[in-house]
Amino acid sequence: MTARAQRTLLLLIVAGVALVMAAPLAWLLLGSLRTDTEILSAPFALPERWRWDQWSQAWTEGELGRASLNSLLVTGMTVVATVILGAAAAYPLSRTSVVRQATGPVFALYLLGLIVPAQAAVVPTFLLLRTLRLLDTPWALILPNTAWSLPLAVVVFAGFFRGQSREPEEAARLDGCGPLQLFWRIAFPLARPAVGVVSVVTGLAVWNEFLFALLFVHGPENRTLPLALLAFSSAHTVDYGLTFAALSMMSLPLLIAYAFVQRTLIEGSAGVFA
Amino acid sequence: MKGRLPNSAASVSTEQRQLRLLALPALALYLLFVVGPILAAGVLSLFHWDGITPPRFAGAANYLRAFLADPIFARSFLNNSLYVLITLVVEVGFGLLFAWALQARLPGAGLWRALFFSPMVLSLVVVGLLWSFVLNPDAGLLNVTLRGLGLDALARPWLGDDRSALATVSLVSGWRYAGFYMALFAAGLSRIPPEVLEAGRLDGASEATLFRRITLPFLAPVTAIAVLLCITGGFQSFDLFFVMTDGQPYHSTEIPTTWMIKKAFNRQSLGYGSALGVLLTLFVAAVGIWSRRLGSRPE
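Those protein sequences? They're chains A and B, same order as listed. Residue numbers for the first sequence follow my numbering, so the first one is -13 and each next one is one higher. Residue numbers for the second sequence follow my numbering, so the first one is 1300 and each next one is one higher.
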């Protein structure tokens, strides 16, 4: 087989696999605009009549507007807190000439959070939130999500700060800046690539977070999207079109946003580990 | 003069204090919501407690119960191990194949890469619900397609049959995560100097030989990380199992996390649930340490 034929064959295989992998999503998006009978008779045909009413019905009945706002609030607060706290925690760890003794143990402590399954800590966390009277509030998700996002943020920021050129800081130091100013005025603003990676990776994880949401938030007032979707679909198990509309509505914005940040996300999530 | 004296002990300790102050908020939150609960789980595991009446000291009773009187807990570890074995192939294996195929600079490589990775942005709840519909015995896309192709014999209740449920969930997991491992391997592949492969090609080596002799050895460190992530991550799965089967049918898809949550929150056995969590943590940590040793062992 010639090299050209080999490449064509490889392209066909890749395209075929991609098509099969994309099929469930295409089925979902098409189905959200078709009736149940249409979905069952021909899985991939275009709608006879575009059933946007399924989208609006799912939006209202599933109270997806409120759930979206809750998810935005929880995700936004968690990302901002994780970025600022994570960077602030990583900066002293990567300027080891100053805080030498503590660096090793503190870093090891953060690594602990990467190994231990969060499930093992949910019972005490539940009791803690109950004692603090925070169950069923956005804080029941913001606080644990931020705490569990810190290890990754600290690792990424520490790696970045260590590789950072010290010259701007040395210059500012001669001008009389203390360590707090050096961090906030110089090192942190220069760490934009790390801020980007930590924001995208943390934001996506928290937006999709399910376990804490399932256990710490019960009422419909404060529940986030994954929970609202689960509740809606268990109430409409035989209603394909309607559930598809709810699932599509919640996936489409994410997939569109993904189209814009895919490079950061793909390379960032690989870069964190490799 | 405003500057500080470089070697003055007083100013160094001011700096130290300020830097500690900077690290403090994160550390406090982390201690309160991560380290504290982990330690508290260890303490709770030594008690019988329903969360309401006063706790009773249990000693090692919860652990003995896990090992001696709870066959489903043992079963859940076996299920989870099988799941990890399958996902090592369908997530790590396929991820490597995808990365390698896209390395060949095919037309539209960026698009294929984005497509393969796209399931990673969907919440596992959406993935689980979507696939529950795809796998529906009567109206699901998979069985409808199989029947349409005349392969009626292959159509089956994928999640309802205890012989196929675990493998089916594992394959769905592969659909979600293969793109992640592709990204990991792509990062590794991009570090192989092209001259090395070129030299091999000039010597007349086939692509398969090049893959085995050059690419794979180069990827060894990345592969070690991928395997570690797949194993330790696999034992921390919960969402997909909870949404798709929640242990059904007949506990054939029960994994330690789903079982633990059931015990702690549905049965109000906070002590026993915590003990199961501690055992899972010790297991995952041991696997992590063991595979790191394996990865760093000189060959």
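Keep in mind that the hints were calculated from the coordinates and are not lab data. Built from N, CA and C at the ideal position, the CB exists for glycine as well. A hint or two may mislead.
To be verified - Which bits of chain A does chain B cover? Going by a derived footprint, with three or more residues having C-beta under 8 angstroms, they are:
#: 1; stretch: 33 to 45
#: 2; stretch: 55 to 63
#: 3; stretch: 162 to 172
#: 4; stretch: 190 to 204
Which numbered hints fail: Hints 1 and 2 not satisfied by this model.
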